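Let the sequences and hints guide you as you build the complete structure.
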Amino acid sequence: MENYYDLPLLKKPVWTWEVPVYFFVGGAAGAAAMIGIAAQLSDADKRLVRDARWIAAIGANLSAPLLIADLGRPSRFLNMLRVFKPQSPMSVGAWLLAAFGGASTAAIILPRRSGDTAAVASALTGLGMATYTGVLLGATSIPVWSTHVALLPVHFAASAAGSAVSMLELRGHRHDGLNAIGLAAALFETITGARIEMNDDLESTPLRRGPTGTITRIGGVLSGPVPFLLRLLGARSKKTRRLAAASTIVGSLLTRLAWVGAGRASARDPRPALGG
Amino acid sequence: MPGLGTSLGRGGATTAQQDLANADAILIMGSSMAENHPVGFQWVIEAREKNGAKVIHVDPRFTRTSAMADYWLPLRAGSDIVFLGALINFTLTNERYFRDYVVHYTNAPAILRSDFKDTEDLRGLFSGWDAETHKYDPESWRYEGDERDSTMQHPRCVFQVLRRHFARYTPELVERSCGMPKERFLDVADIFTAASGREKTGAICYAVGWTQHSTGVQIIRAASILQLLLGNIGRPGGGILALRGHASIQGSTDIPTLYDMLPGYLPMPSDKERSLDDYIRKHKSPKGWWHNLDKYIVSLLKSYYGDAATKEIGFGFQWLPQVTGDHSYFGYTMEMADEKLEGLIVMGQNPAVGSPNAKLHRRAMSKLKWLVVRDMVEVETATFWREFPDCATEVFFFPAASHAEKDGSFTNTQRLLQWRDKAVDPPGDARSELHFIVDLGRRLKRRATDRPRDAGLRALTWNYKDEDAEEVLREIHGDAAEGGGAPLKHFGDLKSDGSTACGCWIYSGVFEAGENKARKRRPEGRYGHGWGYAWPLDRRILYNRASAAPDGRPWSERKALVWWDETKREWVGHDIADFTRGKPPDFQGDPDKGGDEALPGDAPFIMHQDGMGWIWVPSGLKDGPLPAHYEPLESNVTNPLYPSQQNDPAAMKMERPDNRYARSPDERFPYVLTTYRLTEHHTAGGMTRTLSHLAELQPELFTEISPDLAREIGVTNGEFVEICTARASIKARALVTKRMPPLQIDGRIVHQVGLPYHWGPNGLVTGDVVNDLLAISEEPNVRIFESKGVSCNVRRA
Amino acid sequence: MSVTGFFTDSTLCIGCKACEVACKEWNDVPADGFRFSGRSYDNTLSLGHSTWRHVKFVEREPVVGRGGNAPELMAWEFSSDVCKHCENAGCLEACPTGSIVRTEFGGVYVQPDVCNGCGYCVVSCPFGVIDRRPDDGRAFKCTFCYDRQRAGEVPACAKACPTESILFGNLDELQKIADARIEKLHAFGMTDATIYNPKNTSVGGTHAFFLIRGDARAYNLPMSPQVPTTLLPVAWTSAAIAAGVLAIGSLLAFALSPRERVARSAG
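Chains as they are written, first to last, in the working numbering: chain X, 1 to 276; chain L, 1 to 797; chain C, 1 to 267.
Errors might be hidden in some of the hints.
[What the hints assert, rightly or not] Listed next, the in silico DSSO-like pairs over lysine-lysine satisfying Cα-Cα at most 30 Å (straight line):
#: 1; chain 1: C; residue 1: 159; chain 2: L; residue 2: 50
#: 2; chain 1: L; residue 1: 50; chain 2: C; residue 2: 184
#: 3; chain 1: L; residue 1: 272; chain 2: L; residue 2: 287
#: 4; chain 1: L; residue 1: 445; chain 2: L; residue 2: 295
#: 5; chain 1: L; residue 1: 311; chain 2: L; residue 2: 489
#: 6; chain 1: L; residue 1: 295; chain 2: L; residue 2: 517
#: 7; chain 1: L; residue 1: 520; chain 2: C; residue 2: 159
#: 8; chain 1: C; residue 1: 184; chain 2: L; residue 2: 422
#: 9; chain 1: L; residue 1: 517; chain 2: C; residue 2: 159
#: 10; chain 1: L; residue 1: 622; chain 2: L; residue 2: 653
None of these hints come from the bench; they were simulated from the model. Note that the coordinates shown come from a computational prediction; the quantities given were computed from them, not determined experimentally.
See the structure below:
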């Protein structure tokens with residue numbers, strides 16, 4: 001196929017490790033906020049609700065520094081809130097993070113009633129946090145991302161939900177609801193992993209080949225089949241669930257690293273971007 | 001510039017770059033014009049786009065110029081005369097020449113002496129060769145008399161001699177020797193020679209790809225012959241455009257930095273010319289423009305020595321330096337290497353990188369007591385001593401102002417003087433050349449003693465302000481000598497009685513009526529009159545009288561340039577006539593009056609004694625009246641035309657242990673090396689390797705080789721290779737490209753190797769010095785070295 | 001204010017790179033590295049944060065007897081690339097700070113005093129033009145010489161081009177010139193000459209467009225560039241479904257599950 005000396009057409013994403021880590025942390029925090037509300041409404045253990053709110057708040061407050069650290073001009077982070085552009089997922093995300101950060105922090109520091117209101121706000125914005133990063137990657141020119149634009153928000157949401165329940169489980173919570181969510185997330189991730197494996201389009205090559213392919217595969221196995229089987233077979237075993245939780249968290253983090261890495265690899269290959 | 005000078009009268013491009021837009025065909029050879037003259041190349045593109053002109057590029061490499069051409073023919077470096085000779089032969093045998101033009105405006109009808117013998121008769125030598133002195137005696141090359149045979153049938157007329165001389169330069173020989181298929185040659189020959197006659201014209205552009213050969217002048221001669229045959233000189237869209245190597249190279253031949261020339265192409269006296277009278281007797285010609293030589297030399301002497309230049313002492317002629325031997329650049333370099341020179345001042349040059357056999361130059365400089373280098377940046381010539389641990393040369397480095405930091409003029413490739421005003425002050429201690437020279441002159445004059453040898457120095461007028469370039473231009477333009485008289489209009493007013501002074505007669509007119517015409521910036525008309533000032537007298541196309549038929553009417557409406565206006569009784573048109581303005585076409589020359597008045601009204605080449613374009617050069621060349629093909633000084637090909645005369649007999653190899661040559665043939669050096677320049681860099685790189693915006697565009701020395709050669713020596717694109725010649729060995733990256741095709745020469749494959757030469761050890765981007773590979777050799781007429789067609793070897797580094 | 005554009009005609013380009021140098025000179029763009037690429041005469045290789053004009057050298061096999069202007073074949077094609085200044089510009093849409101704006105001349109301009117270097121424009125450009133300069137942190141690309149245009153001047157690259165390969169002017173008029181040029185080249189026999197201006201994709205046409213010969217991909221130009229905002233409906237729908245499933249799923253998971261079986265263990 002014709003191209004220009006095999007040189008890349010596109011520019012590779014400039015994001016360093018902070019961004020995929022933020023995807024993981026922010027996603028898990030967002031999902032945790034939602035789980036906290038679900039737990040609260042089902043009248044679950046107060047400590048579960050409180051831990052979920054704490055995970056959301058800590059995640060939210062880690063997210064902002066991670067994002068700012070990745071900016072080329074960190075001192076200008078406030079420019080993110082200079083305008084609101086619905087057509088820019090980055091703008092939407094910045095406002096979402098600002099709202100989520102405020103709400104999730106308020107949910108742990110405000111007294112009862114106001115705290116609960118804040119928690120609801122935190123959960124609503126948290127749903128955005130768990131999903132918008134999929135939009136952020138999907139709606140770009142990077143072939144490996146844009147070709148999976150429909151998958152990415154769901155994929156990241158499932159990964160976030162799995163991570164959130166896993167974090168709570170590692171805090172010692174054993175609510176069956178957590179396992180159910182974890183099981184569903186792991187099932188979805190298993191299916192997603194299988195679909196990526198079976199896919200043979202040019203755009204998805206970085207998800208199957210090279211270092212990013214390897215990380216995608218490991219991340220997929222650790223967040224998909226491994227926790228799925230563990231949760232299915234060993235739901236009653238505290239050890240097995242902790243193992244499933246740890247596997248999910250590592251797998252989920254690797255998955256985000258893999259996607260961003262795959263974006264870099266994808267930008268290097270001129271063929272899918274040139275089309276034809 | 002004897003190639004153009006002897007053929008046409010003046011050593012300058014006959015045309016202007018803008019005029020290329022009027023051509024019907026353009027042959028670019030010995031130049032990558034798009035690469036090295038990108039701004040001027042716009043008019044080639046304009047001709048291509050607006051007239052449908054065919055652009056032909058003949059070059060060993062497929063370059064940026066080939067990429068813009070309609071036809072590209074590769075040739076073996078050094079086979080240029082075979083190609084051009086075959087074009088001449090094609091023109092003659094296919095009756096493509098412009099008969100009316102040839103009969104009336106060239107010396108083709110002139111009859112030659114019976115004792116002349118051609119290379120075809122003497123196996124590669126013309127008559128007059130003295131094997132002992134290695135020199136020609138040109139006596140037998142002269143015309144038999146003033147007789148001309150307008151039928152051009154006389155067996156000894158130039159036309160018939162030319163026909164016989166080039167009869168063996170056939171398309172088959174082109175295929176064998178140049179390495180291009182003869183069918184492709186014939187295509188191009190057909191197209192270029194069709195740009196001839198009343199309705200059509202074609203132009204030829206060349207650059208150092210022709211001059212840097214041991215036969216350089218004769219290559220340009222061949223082009224002149226072709227253009228004269230096709231009737232393409234002095235006509236719009238015709239001509240020969242000598243593309244200069246860089247800014248003001250034309251200026252530095254007009255007001256020369258040469259040892260054997262005075263300003264305005266006046267010869268430098270030799271020790272054989274004892275007096276001004278001797279000098280004038282030898283160089284003043286009875287007919288044609290050089291009849292005025294006495295006016296020009298006397299005015300120059302008045303300009304140099306002012307009141308001290310009295311008639312009684314020959315206007316100070318004896319104070320001029322005299323040529324006593326080979327004081328050429330290479331001549332004194334060899335003397336420097338042999339410790340016969342004490343000191344050297346280098347300005348605007350970087351011989352440590354830019355000169356052939358640069359290694360020899362660097363070593364020669366290490367033998368000096370002192371060296372002064374003036375430059376904008378610390379060029380390698382100022383740091384050469386780092387290579388020689390024991391070097392005792394004391395080096396003085398003077399920072400120089402750049403072109404934007406000083407006033408002055410450039411004389412460009414088409415003889416156009418363009419003034420430039422200083423934009424900013426130079427940084428720090430940097431000063432202009434003018435400032436330096438004025439100050440140096442003052443200091444030297446202060447030290448002048450009463451000894452006779454200092455008399456000239458004492459007499460020299462040196463009342464310059466510190467830095468007033470216009471004052472200098474005014475002196476070049478000239479004036480009534482001190483003591484009064486009317487202001488000088490132009491060189492037509494110069495006198496030989498000492499009443500006028502003029503620094504360079506050809507430029508005289510540039511400051512008419514106190515106006516610096518070089519500064520003019522309002523172009524008008526087809527040739528942009530009003531923008532700058534072209535010597536002589538703002539004539540943009542030289543010999544443009546030839547654009548009209550002998551009767552004074554244009555050859556055709558389409559190709560009208562200047563014509564005789566019967567009502568005004570003068571020459572009018574798009575350009576200023578390069579002809580005496582009021583001399584009518586039917587004017588009969590009066591030999592008794594001498595000079596221009598001796599020439600008739602239909603003799604366009606006014607500098608020549610006979611007013612004709614010289615297809616045949618009866619005098620003025622050291623290696624023959626006609627071009628003949630000789631192989632480069634190093635070649636693995638035997639001269640196919642004159643097997644017993646491999647090289648130009650008059651060329652000098654200056655062979656010595658530090659300037660060795662490969663044998664011909666030499667299996668150690670199987671490939672043909674050719675060096676060249678890139679758009680991105682400037683000559684030896686001092687001005688570009690130091691600027692990031694330019695340096696990053698071509699950051700490393702590379703060599704262009706064909707995929708076949710790469711395979712043969714086992715390298716891939718981007719790897720390092722070693723290139724060696726009999727002189728040196730350097731390293732470069734391989735740029736493997738199909739643009740550098742191997743050629744079929746005499747049934748075998750010949751690989752050519754291309755090397756741009758811009759790098760050296762200093763600057764942002766560095767590399768080996770390519771010019772270390774070349775030999776110092778001297779073309780017989782202008783003493784230029786050979787950088788094209790050198791034998792080399794290439795191997796994996 | 002008239003909408004301006006660049007029309008870059010590769011068949012007139014002589015590959016002198018004066019546009020690259022003039023651009024860097026005028027805009028004070030730093031050096032981009034001193035690396036030999038081995039890819040023809042192109043050591044710049046691509047547009048980027050510190051290269052806003054870039055001349056490409058498309059090298060094909062030369063044939064003896066035919067120069068590059070022969071209708072049948074191009075042997076060495078030069079083409080000066082630049083930011084396309086898209087009608088629907090991915091970078092502009094993506095910019096969260098409002099740093100990237102459309103000027104009164106129709107160009108796409110990064111305001112250097114606003115950009116915070118988030119890098120989202122970098123992945124939103126379908127032509128790989130804009131990039132973040134590592135030592136500066138902000139994103140840079142061709143400014144369309146906004147400062148010069150404001151002063152009534154032609155952009156530096158067009159001004160420096162010796163062969164009028166780069167034409168600058170009113171966009172509609174340039175389009176007419178381009179159409180006439182194509183017609184002329186086709187009549188000459190260069191039937192592979194085409195205008196590259198992706199009007200039929202979501203990019204909606206570009207303010208810098210090109211005349212090239214043959215396959216656009218040989219010039220590193222995408223066949224069908226898309227502005228990423230076209231993906232937003234699918235992306236946000238997917239996000240909404242995912243959020244919904246996550247919300248409802250969480251609620252159901254807890255509503256349907258019994259209370260925690262075992263008390264939280266210590267630690």
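How the hints compare with the structure:
1. C:159 x L:50: Within the cut-off at roughly 21 Å; holds.
2. L:50 x C:184: Within the cut-off at roughly 11 Å; holds.
3. L:272 x L:287: 24 Å, holds
4. L:445 x L:295: 28 Å, holds
5. L:311 x L:489: This hinted pair holds, its Cα atoms lying about 23 Å apart.
6. L:295 x L:517: 23 Å, holds
7. L:520 x C:159: 22 Å, holds
8. C:184 x L:422: 45 Å, violated
9. L:517 x C:159: This hinted pair holds, its Cα atoms lying about 26 Å apart.
10. L:622 x L:653: Within the cut-off at roughly 15 Å; holds.
Violated hints amount to a single one, hint 8; each of the other numbered hints is respected by the structure.
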